[in-house]
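J.: Given two chains presented individually in distinct reference frames, assemble the corresponding complex, making use of the accompanying hints.
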Amino acid sequence: MQVHSHNLRTARAHVIDVDMGYGHSRAAHNLKDLSRGEVVTANNYDGMPIAERELWRKWREGYETLSRLRPVPIIGKIAFQIVEHAQTIPDFYPRRNLSQPTLPLREAMHLIVKRGLGKHLVEALERRPLPAVCTHPIPAFSLETHGYKEPIWCVPTDADVARAWVALEPKNSRIRYLCANGRLIERLKRYGVSDDRLFLTGFPLPKELIGGIKQAVLKHDVSERLTRLDPQGVFFERYGKEVQRVFGKKKQLSSRPLTITYAVGGAGAQREIGKQILTSLERSLRRKEVRLILIAGTRRDVAEEYQRVAEHLGVHVPIVFSDNRATYFKRFNQALRETDILWTKPSELAFYTALGLPIIMAPPLGRQEEFNAIWLSYVGGGVHQEDPRYTNEWLFDWLNSGGLARAAWQGYVQAPTHGTYRIEDLVLGRESEWSPPPLIV
Amino acid sequence: MSKQKQIAYVIDVDMGYGHARAAWALKDLANGEVISANNYKGIPANDKELWQTSRKVYETISRLKPVPIIGDLAFAIMDEFQEIPAFYPRRDLSKPSFQLKQIYRLIEKGQGRDLIERLGKNPLPIVTTFFTVAFMADYYGYPGKIYLVTTDTDIARHWVPLEPENSKIKYFAANGRCKERLQLYGVAKDQIYLTGFPLPKDLIGGAKEGIVQEDMMARICNLDPQEIFYSRYEHVIVSRLGKAKCVLKKTHPLTLTFSVGGAGAQKGIGIDIMESLKARLKAGTIRLALFGGLRGQVVDFYEEHARKLGLGKAIGKSLLIPSFKTRQEYFQGFNDFLHETDVLMTKPSELSFYTALGIPIVIAPPIGSQEKFNQIWLQYVGGGVPMANPKYIDEWLFDWINSGGMARMAWNGYVEAPTLGTYRIEDIVAGKKSEIHALPLIV
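So the protein lines, in turn, are chains A and B.
Residue 363 in our numbering sits at position 363 of the first sequence, and the numbers go up by one each step.
To convert, take the position in the second sequence, counting from 1, and add 441; that gives our numbering.
Among the hints, a few may not be true.
Result set (DSBU-like, lysine-lysine): computed pairs, CA atoms no more than 35 angstroms apart in a straight line [as the list claims (entries may be wrong)]:
1. A:Lys219 x A:Lys288
2. A:Lys214 x A:Lys249
3. A:Lys249 x B:Lys684
4. A:Lys189 x B:Lys691
5. B:Lys684 x A:Lys214
6. B:Lys832 x A:Lys171
7. A:Lys275 x B:Lys536
Derived from the structure by calculation, the hints contain no laboratory data.
This is chain B alone, in the form it adopts within the complex (with noise of 0.2 angstroms):
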């Protein structure tokens, strides 16, 4: 796809990553540009004022996380106004609920009719990434075309509008159980789409998918030290990716990304992990980076313990705390340091879906009911392992990698899970016949 032609509005939110993640991933759709519905230029002060609210609830719930009790207790409430109802028996889910009567109650006010109406003078299709800005344009009579794109496995009924039968939003699945669980909330089989979740093109290398081929097999050379994992799937491999590109060369040392999720909630897992890690990143042979997003207090939280723990010297060499000033610096870094991540290390956020890109995913604690699914999703697929206790990670990470299981995961990830979401949902925009395969249902 040209990245000169604005062909559709991308809309995030900047609240928490999930959104703007995937959003980020199809910023070419817009030329490059990611409109952020709670912020972009001009915003009327009273719409500013009510997105704020929402976010400052979610944000300050989520850092309270590790305080306890208080902190578990105000998780929960949270949680249960978001709660995902059990998938199973199938049945008719679309009663809408207390967070969606609430979403609407904004948006009677007028929360977003200013973008609608600014975006509505030459209506492109807009490609969302959040419910509420689809709600929105749907209210307000978007002559458009409105597509939402889920960000995770599976989702609570505010992902859907009050009357689903009267609203013309399109959806983005992406996995199997997410489209099935949009038809339970009432939304007719021909407004899903099954795309998966777009990921980085960067990452990708087009339909061929030859980037993510060649950062896959680097990664499964430092995985699979002992070759357990490759002497059982070599002629699986070669007969995937074809002899050439089978090759284990080394092209980077071992390394380690861990994501900081949960407005910073998970911070101190960073600090177990560098610890236990201590000698062998002073001796060089693991490189452990640190990814606190665009929270300065989290790299300079980092940095100090850091030095505390002796590591000051590996700062910038084997312990890498990369700061940003932007959030399109941050997505554009940390997918830049994907290419060289052997295994990412997170809770099992939207970054579940990133086991597609052949990288194994070691699952911090989930935050969240969507959070939980994503990680039986991840474990379904077979691209994820629940992290041990951090404080041993020295131990743990490195028994499963000489087992030959950090490599299989990397490759179970690739296999199992949809890597071209961007590419499909690109072309859906764009009015095309995609020349890529459908996806099965996987539920």
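The following block holds chain A by itself, in its conformation from the complex (with noise of 0.2 angstroms):
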């Protein structure tokens, strides 16, 4: 096994993301070290030309405005169709040849192709050649079409992706794939990518929730976890051993009590669920049985409407709030290292079931958010809600019976954690010190 830093001093990488939802922004920032920091937003850089960014912007806001409308009935179904339509992913059996190119992606590489999109950008990165990791397919195209010399990777951000991820000639095109899982390598492969052009790496975590090929702070944050998911010892009873083998001796725990962290989606979709999980545990806040964490995003509306109905009910609850994608991400990632449980749609932040992290999922929301829920519960790092009015009573069942414990556990043990250190060494070109996980599909 090769040994290397991992502390990028110098950029070696464009790190190329779109503001539009979290997914791929999340996935590029946990990347930023390739980058020295850097994260080139496609749709909303400085020096981008009007006519650029007004097309970026027409495109998201419809996607975001469909999202929105999501809760609006009847409307909000029919809007939500169109969204989902545009996104569809064909069923994965029988394993057939999808490589016939959908209507969105020839609206995107008519968009590339003939009304130059991203051309600007690919004279911009041009002025500093260094390979491009995109976590959007767009930008990854644009580099392409507009004849972008140096390598070219693409990280889909999801466990199962639409055939919009993949170029209308696979077999022309030179895009590298850096997968999640099992599930997208052989569905690149239906979409017509070849072989050598995918590498199965998980998906890219923050390195400073992992801390290196020791993993010494998530082996120090799960070791706690799991002690303060166990209350009852049920989980510790069956596999105490194994524990102690992999974290050692059980730690002394914080003082901090069980916490709990709600993230509400980048369009603000299932607002509502937080505020029904906030008014439903308010005496066990209020006795300090429990902590709540609640993620606003991006979104200075949730993050007042939360603290609207937190100061309504009397009780203190975290809110982590950044106009700044960057710092939200980071404050995101700080609330992670003291956060037991977390409940979120099955976005992009499925994957984080590979830190130990029990996820309680939100209804998904999109057919790949479908697949995400699958492949969450298949690994057995995630669990649906119940009704979050609730919630401070099934929690509370779950927490005793040992069931969330298993599911930290089983995510940190089934699911991928090292995609960001692997991906490093893929674009960089060396050799890495993981070995490639095994193809769970």
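T.: Structure, rendered in structure tokens:
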């Protein structure tokens, strides 16, 4: 095994995301060491021509408006069906050729080829020619179409993806994919990507929550979390010896109470759930039996709404918010170090179960999230939420059963943890310390 | 427990398999004899008729399930009557349901009086797996003890008498949720024993679970060809089973067993499986067993389709379609075959509990609200996964096997679900202090 530093001192790649939901940005920010901390947002960077900015803005607004309409009766359903259609992922079985381009892909390629979407970005990046790591397909297609010479890597951000992630003519494309899981590899093959351009790495997770090859941070946090998640010792009775073998002796718990973190998605949908959790846990919060962290992301309106509800109930609840994405991600990651249970829709955060976090799943939004939910259930790291209005009952039933400790453990054991390190090694063209994870389809 | 001495009456009903399968596992309590409350020697004609009416309604509606619109509608109405209300928030759910009142109406007309009076002459404890039988015994003042075994992971109000506070029925709860649910229906805490579902002793091997462990290791051998699961869990397995037992040794071909449930409603799934696995069955690289219970028609149906698919020569070799003459033969034959079953595919009926034997369950669609709960429980303990399209089982099942996921479910089922229910129940009925550890309350 070759050991080498992952503290990168100079920019060795461009890391490119888009400002649209959190999934693409979160992955990019976790890879920012490759670019010495800088993430280029393809639809919102300094010096971006107004015409191009306008094109991206309209595209993004359409998506978010439709997503936000979700709770509205009838209209919401129709709006969401439109979004869903654009993101359709066909049934995986039977395995068959799925390389026929879809309408959303053709539309994106029309913008790139005919209207020059991304051309300016390519010109800007060419001033410093480095490998490009894109967490959204459109910048990757733009780079390829407009003749960017350096290697182009693409990081899909869900456990299964639509055809729109692969070029019109996959055989003639040189984009290489860094895949979070085995299903993605198999899926991209159906879309026409050749084997030699597919790399199973695992989703890029924040390095500050792992702590390098020895996993110093991760092991400390998971060990403490497992103890806190198993107040009756049900899980430890079954897995205690193994936990000790992996993490060492049982740690002394810090004084903080059991902590649940509820994260709202980028479009602000499902904010109601946060309010319901807050209301249901009111008494436990007051008694400091439990702590709730509400993640409003970059949504000021959501943060203010949560603040109002907390004040109305007379409880103190930390609310994680920042106007700035980079700051939000940083604060979110800090909050995760003190989180015992992560409650979220099965977005890209589903992969965070690999950090030994049990995930309570809010209803999935969109086909890719439905598959993330299946993947999460399959690895055993997550469980679907019960009625959030009665969180104060079922959450503690699950806790006392040891089930959440088990989910934390399974997530840690089954889901790949070292995606960021593997990706860094591949992009830098060096042998990785970590062998590839098994191909779990 | 000695098979010679009868210490209780074990009573089921001849209606579906859920109640009867549980009773069959407890037959040692009654020296091997299970009484069917709706079909015993000397049952009065009037009694038999009352039972038959309710059975016919259930089976006809179940069979109608695959019929578009009408089937769903009929089933929805039946399901509505049997509906299990949401568990949260915990609240008083003791108000009797319509179905419960109907049950009592028949008992008031004399249903079951004959059986209870006969048994009352030698009032050994009654251990029944069907609520009506317990109500009958309670109603007619049976002098012995009355135990009722719950056969799903969550149950409707009609499992508890009209006035639970005045009843002497004691419950053997299959899981924590059942125990909690019974309390919401008004059963006193001290009337409920959390035992786990009664599983066949010949698949367990005593409190040390020797047979389960041996069968499971052979199963893991077939289910983890890439050793993905084993490489991750080796230390845990060795620590639990001991190094000597922790051997991956192939004892039988990879075997999938499909149990056709719902009064045959899901027999079409069996055809899809056969067709999808055709090449592997011909090559003998997998063994498929289709268990249709006592329904001879199902056996004929499968044999006919197997021949149409060119699988005639595989019958009796890689394709097994066993037929049975009696329920006893069926239960025994099914249990025997489970030793060599690597994956059990079934709707989430009482067979969900069989994951505790270290058997991963591929879940066919649930029929009825209690089966939806069974599915949630099965997934919660990590012992089962909903089936993908059975037409392509040839692909997805092997993807799951090759990724070690099926082996992990076998292990999870064994570790998380209660295996020793039968022994706990035997000890309680015999009035013995049990040496078996108490179950944690997993709600």
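J.: All hints are to be evaluated individually against the structure, with a verdict given for each.
T.: Structure-based check of all given hints:
no.	hint	verdict
1	A:Lys219 x A:Lys288	holds, 26 angstroms
2	A:Lys214 x A:Lys249	holds, 17 angstroms
3	A:Lys249 x B:Lys684	holds, 23 angstroms
4	A:Lys189 x B:Lys691	holds, 33 angstroms
5	B:Lys684 x A:Lys214	holds, 28 angstroms
6	B:Lys832 x A:Lys171	holds, 30 angstroms
7	A:Lys275 x B:Lys536	holds, 32 angstroms
The structure agrees with every numbered hint stated previously.
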